[in-house]
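Model the placement of chain B on the given structure of chain A, informed by the hints.
Chains A and B are the protein sequences, given in the same order.
Read in order, the letters of the first sequence correspond to residues 516 to 678 in the working numbering.
Read in order, the letters of the second sequence correspond to residues 733 to 1089 in the working numbering.
Among the clues, some could well be false.
[Unchecked claim] Below, simulated SDA-like cross-link-like pairs (lysine to any residue); rule was C-alpha separation at most 20 Å, straight line:
no.	chain 1	residue 1	chain 2	residue 2
1	B	Lys991	B	Asn1024
2	B	Lys797	A	Leu643
3	A	Lys548	B	Arg792
4	B	Lys907	A	Ser637
Please keep in mind that the hints were generated in silico from the structure rather than gathered at the bench.
Below are the chains, spelled out letter by letter.
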Amino acid sequence: MKSESIWLRLFRPKVEWVEDACSLCEDNPLFEKVKRKSIRWLVTRMHPRTYSAGEPIVDMGNAGAGAVLILSGEVAVRIKDVEIERMHRGDLFGEVALVADLPRTAEVMATEDCELVFFLRSDLQEWLAIMPKEAARLLQNLSKLLAQRLMEKNKMISEQSDQ
Amino acid sequence: MRSVATELIMHPASLAAIVFALGLVFAAVVLSVVSPIVFTLILSTMFYAALSPTVDNLERRDMNKPTAVAIVMVVVVLLMLGLTALLYPAISQQFEHFSARAGQLDDRILGLCVQLDAWSRAHLGTGFDPQKTAFNMVHDLSARADAMSTAVRSYFNEVAFSLLLVPLVTFFLLKDYRMLRSQMMQALPNRYFELGWMVYNVATGQLQNYARGIFIQALSMSLICTVGFWLADIEYAPVLGLLVGLLNLIPFFGISLAKIPPVLVVLLSDQPDIMSIVLALGVVFAAQLVDNVYLTPNVVAKSASLHPLTVMIGVMLAGFYYGFIGLILAVPVIFSMKVIYLELLRGFRHFGPKQNR
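So here's chain A without its partners, still in its complex pose (with noise of 0.2 Å):
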C-alpha cells in the first residue's frame, strides 16, 4: 500500500488487502472461533490506512473510535515517554476502544512504514446488527483479553507491593 492521492485512495479497490488482513485475523486470538466467511465480511468494512516512520497513530488520552491490526511495518507503545512494547504484523492494537469511547491509555508511534487497518466501534456495532452470534463470540473473546490483562496488572500491582 504505498501512498497515493486522495483521488487514487477514493476509488481504489479494497481487495488486495483484504486476503492479508482476513488471514491475520484468523490467526488473532480475538477472532478465535469466528467462522472465516464472517471474518472476510468484517474485513472487508475496514478501513485500511498507511502510516509513515516516526507519525502519531494514536495519542494518549484521546478517545478512540476501534482497534488497530497492523499489516506490516513497526509501531512503539508508550506512556510518557518511556517505551513498553513494540508491535509487529499480525499485532492489534486499542481493543478497549470496541467496546467503550474511553480515553486510549497509552500512545502508539509508527517506527517505519506501517500498513495498518482500523476496525471501528462502528463496524463492530454493524456487525452485531446484522450476525449477532459471531459479533458475540468476538465480544466473547474480548472481554476474555481485557480479564487477562486485568489479572496480569492486578498480579504485578500485587508482585510490586510485596517488594
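Quick look at chain B alone, frame taken from chain A:
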C-alpha cells in the same frame, strides 16, 4: 513558543469553525451541481433509511447483499406500482370533484354568511353585512389558497418527476452506501481519521433520532386528523389528514396553515354549516394539543433543542428562498448544522491536536 495567531487558529472553536465552513462550501458546491435532482436524492435517502433494516435482516439470514437488495427493491417497486394503480383513479376523481366545487365557493360562503347573519339577528339582536363579509373572506381565502396551491403543485410536480429516478438511486444506495461512505472517509488525513468517524457516528445517530421523531410526529398527526375528520363526517378525510400532518411540520406558521384545508373542504361541501367548520377546526385543535402536550416534548424536542428565534428566522428565510420544501426542511437542516458544528467542536476540544504540542 507559538504566535498568538497560531494559538487562535489552533483553538478548538476556530478549528471547528474552519472545518465547518469548508464543509458548508463543499455542501453548497455539491448542492448547486446536483440541484436538479436534489429532491430525488432526499427521497431516495428516506427510502434507504426505511429499507436498509430489511436488507440487513435478509443478510442476517445468510443471503448475499446484492440478492437481498434486489428482492427488497422488486417488492417495493411492485407495491408502489400496485398502490398507484389502485389509488390514482380514486384520487384524481376526488380532485376533479373538488375542483368542480371550488367554482361555487363564492355562493357557498355567501350562503353561510347569510345563515350566520340570520342566526345572529334572531338570537343576539345584532347582525352584519353578509355580502361584504363573504367578499372579504373569499378574497382572503383565494389569496392564501393560490399561494398554497402553487407551492403544493410545484412540490407534487417534483415528486412525480423524481419517482422515476428514486428506485434506481435507492437501489445503489442500499447496495453501495456503506462502501461509498468508507471510501469518502478514507480521504481524511491520518490525524483526523478516528475523529472524523466519531463525529460522523455521533452526528448521524442524533440526526437519525431527530428524523425518526419528525416521522412519528407527522404520522401521528396524520392519523389523529384522519380519524377525527372521518368521525366528524368531513369529506376527503385521509388526504386532509395527510396534508394537515405535513403542514404541521412547519414550525410557527404550520399551526395556522394546517387549519385552512379542512375549512375549505367544509365550505365546498354540499351542505356547508357552522357546526362542520367548528368540528373540523376542533379536530385540528385536538391534534395540535396532543402534538404540543405529548409528541413535541417527548418525541421531537428531546432530539432537537433549537432557539425559537433561530427556528423562526430560518423558517422564514427557507420559505422565502425555497418555497414549500424550504418550509418543511428548514428545521432539519438547521438542526443538522448545529449537531455537526457542536460535534466538531467537541471532537477538537477533547480528541484533536493537543494545544501545546
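A quick look at each hint next to the structure:
1. Lys991/B / Asn1024/B: holds (16 Å)
2. Lys797/B / Leu643/A: holds (16 Å)
3. Lys548/A / Arg792/B: Holds, at about 18 Å.
4. Lys907/B / Ser637/A: With a Cα-Cα distance of about 18 Å, the restraint between Lys907/B and Ser637/A holds, given a limit of 20 Å.
Violation of the numbered hints given earlier is absent; every hint is satisfied by the structure.
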